[in-house]
Amino acid sequence: MSKHTISTDEKPGMFDKPQNVKRVLYALFTCVVLLLSIDLFYHKHGIFTWESSFGFYSVYGFVACVILVIIAKYVLRPLVMRKEDYYND
Amino acid sequence: MINALPPAVIMILGGLLVPLFKGRAKQALLLLLPVISFINLLQLPHGSHWVYPFLGDQIILARVDKLSLIFGYIFHLVAFLSALYALHVKDNVQNVAGTVYAGAAIGAVFAGDMFTLFVFWEMLTISATFLILARRTERALGAGFRYFMVHVAGGLCLLAGIIMHVSQTGSAAFDLIGLGTTASWFIFVGIGVNCAWPFLHPWLTDAYPEATITGTIFLSAFTTKTAIYALARAFPGTEELIFIGGAMAAFPIFYAVIENDLRRVLAYSLINQVGFMVVGIGIGTALSINGAVAHAFNDLLFKGLLFMTMGAVMYRTGKINATDLGGLYKSMPWTCGFCIVGAASISAFPLFSGFVSKSMVMEAAAHGDMRWLWFILLFASAGVFHHAGIKIPFFAFFSHDSGIRCKEAPRHMLLAMGISAILCILIGCFPQYLYSMLPYATDYQPYSISHVLAQSQLLVFSALAFTLLLLAGIYPAEIRSVNVDADWIYRKGGHQIYRFCKWAFNGINDWADRIFVQQFTKLLAQFFEEPGGNLQKYGYRLWVEGCGIPDDQEHVGKKIDSRSRTAAYPVGVGVLLAVMILALASLLLYLR
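Chains as they are written, first to last, in this note's numbering: chain A, 1 to 89; chain B, 90 to 681.
Simulated from the structure, these hints should not be mistaken for laboratory data.
Just so it is clear, CB atoms sit at the ideal spot from N, CA and C, and this is done for glycine as well.
Keep in mind that a hint or two might mislead.
So these bits of chain A aren't anywhere near chain B, every CB distance computed over 10 Å [unchecked claim]:
#1 18
#2 19
#3 23
DSSO-like cross-link-like pairs, simulated, lysine-lysine; straight-line CA separation at most 30 Å [to be verified]:
#4 A:73 with B:408
#5 A:17 with B:408
#6 B:591 with A:83
#7 B:115 with B:179
#8 B:111 with B:179
Same shape as in the complex, but just chain B:
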C-alpha cells in the first residue's frame, strides 16, 4: 500500500476548504494546494491504485502510466500558475471553482474506469460554469447557461455511451475503445463536445471570453485538454479524427482574423491548436501521438500565457476589444514582452515551445503521405501566426495609440506570466526533457537546418503578408460586431423553435379551448337542460326536413316544451336513457 492520496483528492477537498480561510492564509492555501497535490502525485508508482468493486465491475481512482502522468504534471503546473495569476481574487466562488475545476481535470486523466471518468467529467462542467457565472454580468449569465446546457448534453451523450459499452462488453475499464459500435460513437461524440469539434465548438468561443479574467485562464487549460487525453486513451488512430482535426485547425483562423474581442481571437486559436492535437491522435503513429501530447503540454503553457497577458490588459484597462486598445507597450512593457513570447511560441518560431511539438504532427502527416492534410496544417500554421502571433500583440500593444495610460500588471500576474514565458523558451531550447516524458520513446530531432529554415521562411513571409496588407489598407479594420457562428443554431434557432412552439401549441390550445371548453360544453349544457324535449325537437326537425312534410315547428315545439315542463311523459327520461344504454351494451356484446 502506498502512503499517498488519490490524485484529485487534495485539490478538490482542499478547494472546498478555501472559504474557511481569509487574507494571506487563503492565498497561501491556494498556492500550496497544487504543490502538495503534485508532491502527492510523485509518490505514485506506475500501475492501478485504489481499485474498488462497484456494480459487479470495478472503479479505479488512479491509473498511473506515462500518458496520464504527463497530463497530470502539466495540469498541476498550470493549476499553480493560474492560482498565482489569480492571487488577488477574493471571491470565494472563483477560488473554489478554479481549484475544484483543476482537481476534476486531474481526477479525469487518472481515472482508470469510465464511471470515475464520468464523475470528474461532470465535475469539470459544473465548476467551469461557476467560473463563467462569477463574472456576474448579464452576458456572462447567458453564456454560462449555454455552456452548462451544451456540456450537460455532451455529458449525457457520454453517459449513454458508457452504459451501452459496459452492458455490451461487461467491462468499465477506460482503455482503447475504437470506433465501431453505437456505444463507441456516443462516447466519441460525448468527448467531442468537450474537445470543441466543429459545430460542437461554439460553447468555447461563446463562454471563454465572457468568463472572469482569471477564470478564463483556468478554463483555457482543462476542459479541452482533458478531452484530448480521453481521445488519446480511447480513440488513437481513428481516421475520422484526422478530418475533424483538419477542420478544427483551419476554420477558426478565418474567424480569428475578423474578430474584435481579443480574448475571443484567442478562443478561436485555441480550437485551431486543439485541431493539431486531434489530427495527431487521428494519425495514430507513435510520432503523431507523441506530437499531440507534447503539443497539448506546450499549448497549456503558451495559450495560458496569452490569455494571461490579455487578462492583464483587461484588468488594467477594463477593455478587451481591439478597437479600444493600442499603444499599451508604453504602459505595460513587461506584459507586452511576455505576450510576444507567447505569440512566438504559439506560432512555432524556432527556439520557442510550439516549434518542437507542432512539427511532430506535421512530420507524422507527411510520413503517412497525407498530402491534403499536410497542406491544410501548413496553412493553419501560417494562419495562426497571422492572427495569434501578430494580431494579438499588434492590436493590444502597438497599432494606433488608444491614449490609454495605465499601470503595469500587478506583481503576481507578472510572475505567473514570467514563469510561463521562461518555460516556453526553455522547452523550445531544450525539448529533450519534454520528449522524455512523452508516452512513446522518441529520438525526434526538431532542429535540423532544413526545418528551421522552412519554418522561418513560412513565418517571416506571413509577417510580410500582414505588413503589406496593413500598409495597403486591405487588412480588415476591426469593427465592433458580433460574428455569427454555429451557436446561432441554438441562440437564434432556439428563439425560432420557441416561437414556432408558441404558435403551434398555443394555437392548438386556443382552438381546443374555443371548441371544447366554450362551445361544446355550452351546447351540452343547453341540451341537457331538457334532454327529452330537445331530443324530440331535433328528431322532429330531422323528420320534417327528411320527409318534406309541411313545417309546423313552432306549434310542435311549444307542445313539446309544455309536456317536458310538466313531465307529462308515459316513461321517465331517465328510464328511457337507461334502456337505450342497455340496448347499446347488449348490441355491443352480441357483436363481439
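Okay, chain A solo, but in the shape it has when bound:
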C-alpha cells in the first residue's frame, strides 16, 4: 500500500456500524409511539371534525405513503418506464 493513500478514507463512517443504524431506527420507533400516544391525552383542534379524532394524521400519513409507493411501483412504473436510450433513436 502506498503511503499516499488518504487515511481519513479508512475511518468507518457512523452508519457503517450496524448498531448505529439500529439506534436511529429505535429513535424513530420511539417518536412514532410517543406522538401517537399524545393523541390519547391531548385533544387536537381542527377545522374539520375528523382532524381531532384519535390518530387521524398518523394513519393518514402512513397509509398515504404506502399507497403512494404501491401505485408508483406497481401501476405507474410498468406504464411509463422505458430504457435509458428510449428517446435517442
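Chain B: place on chain A using the hints.
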C-alpha cells in the same frame, strides 16, 4: 422624480457587461450586481414609475406595491445566492445568461403593463435557454431546444391574449383580468405554460436536470415563480386554478418516487410545490393568497438549497443518479447537513420554513370547506416528505456506500448553501418578518399545539412508512431508466408526425412526379411532335371502334404519317388550332 433606475436595468445591463471583466473583478461584479440592484429597489416608493406613452396606451416600467415588492426582494436574494454558488464558473455564456435571467424576472414582476411584461417574459425564455445549452452535451442541446420551442409557443399564446385583451378593453394595464373572454383564456394558458401546469409541464422536468449545475439553481427560481406572481396579479380567485393546482400537487410525487436522476426528482417536487401556490391563488381569500406568496418565497429558498446540494454532489462526483450515489455523508458532511435542512423545510417540519407557509394554504382550503382538495393537499404533503424529504438525502448521502470518496463542496458553494439553510430555519422560527411583507395584513399563527402535533404525526408516520417499506424490500429499487411523461407527445409523437408527413406528402409528391412530370409530359411531347397527324390517327381509331367497321389502321396510319411529314394539308395545323380556340372562345362568350 426619484433618483433610481428601473428595477431590472442594473441586472440586465450589468449582466451584459460581465464579459468585459476577468478573474476577481468579474466575480466581484457578479456578486455586487444583485446587491446594487437591491439597494436601488429600496429607493422606490409605492406607486407607478417610469410611465411612458406607447401606441396610444402607456407602458409602466415599475409598479411598486406589496405584491411586486415581496417577489422583488426574494428574487434579489436568490439572484445573489445563485451568483455566490456559481462563483467558480468562468463561462461567460452562463454568467451573462444567469444575471440577465434574474434581471428579466425582476423586470417581469415590476411590469405595470402587459407589453413590458411580455418583453421580460420572452427575455426569461431566451436567457434560460442559454443556461441549458451551456451544458454543451447532446442531451442538453435537445432539452434546450425543446425548452425554447415550448416557451416560444407559450409566449405567443400570451401575446395573442394580450393583443386581443388590449384591443377589446383598450387598456394594457396588467391588473386583475379574471377568466371569461377568449383573450383572458389565451393569457391564462400562456402563463400556465411557464407555471408548469399538468401536460404543459414536461419542459421543466425535461430541461432542468439537463442544464448546467449552476444554471439549474437559477432556473429553479425564476420562471415558475414569475408565473405565480402573474397569476396572483391577474387571476386570483379563479376556480379553475384550484383543480389545476390540486393536480400539480398530486401527480408529480408518483413520478418522483420512481425517478432515478435526483435533480429530476427535485424538478418533480418543484411542480408539486408550485401546485400548492396555484391552489392558494385559486382559492383567492386573503389567507390563501398570502399563503401562496409566502410559500413561493420559502420555496425559492429551500428548493434552491436542495438543488444546490445536489449540484454540489454532481460537481464533486460527476454523478447524479441515485443508482450511482450513496454514503456521501462521510465525504460531504456539510452538504449533507444543508440538504437535510432543505429537506426538512420542503417537508414543512415545524421550525422550518415550509411549515409556516404551506399550512396557510391548507387552512384556507379547510375554511372554504373544500374537503377533497384538503385531502389531496394532505396527501401531497405526506408525499413530498417521502420523495424530497427522505429520498433525496437518503439516496445521495446514506443508503448503500457507493465507494465514492470526494472532497467537500467548494467554499463558495458551502457559503451559499449555508446562508440558504440559515434563512430556512430563521423563517421557520420567526415567521412574523415574512408575514409582515405579505400582500395582505395577517395575524396568522402557525404554531398552535394542535397544528404542530398534527404535522409531526403526519411526517413521522410517513417516515415510518418509508422505513418499513425499505426494510421489507417493497420500496421500488432505483433503476436506470427513462420515465415517459407528457413530453412523449412531442418527443415521440413528433417523430410519428414527421413519419406520417414523410409518408403522406412524399407519397403525393412521388405520385405527382410520376403522373405529371414523367408520364403526362411524355405523352404531351409525343402528341405535339405531330399534333395534326396524331389527332387524325386517334380520331380514326375512335371512329373505327365506335362504328364497328373493318379495321385498316396500319394502312390509314401510314397514309396519315406521310401526309403530315410532307405537310400536305389543305389547311395548316396552326390555323386549324387557332380556329378551334376561336370557336371555343366564342361559344363560351355566347353561353355567358
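**OP:** State the violated hints by number, sorted upward, taking the hints as numbered earlier in the document.
**Re:** none
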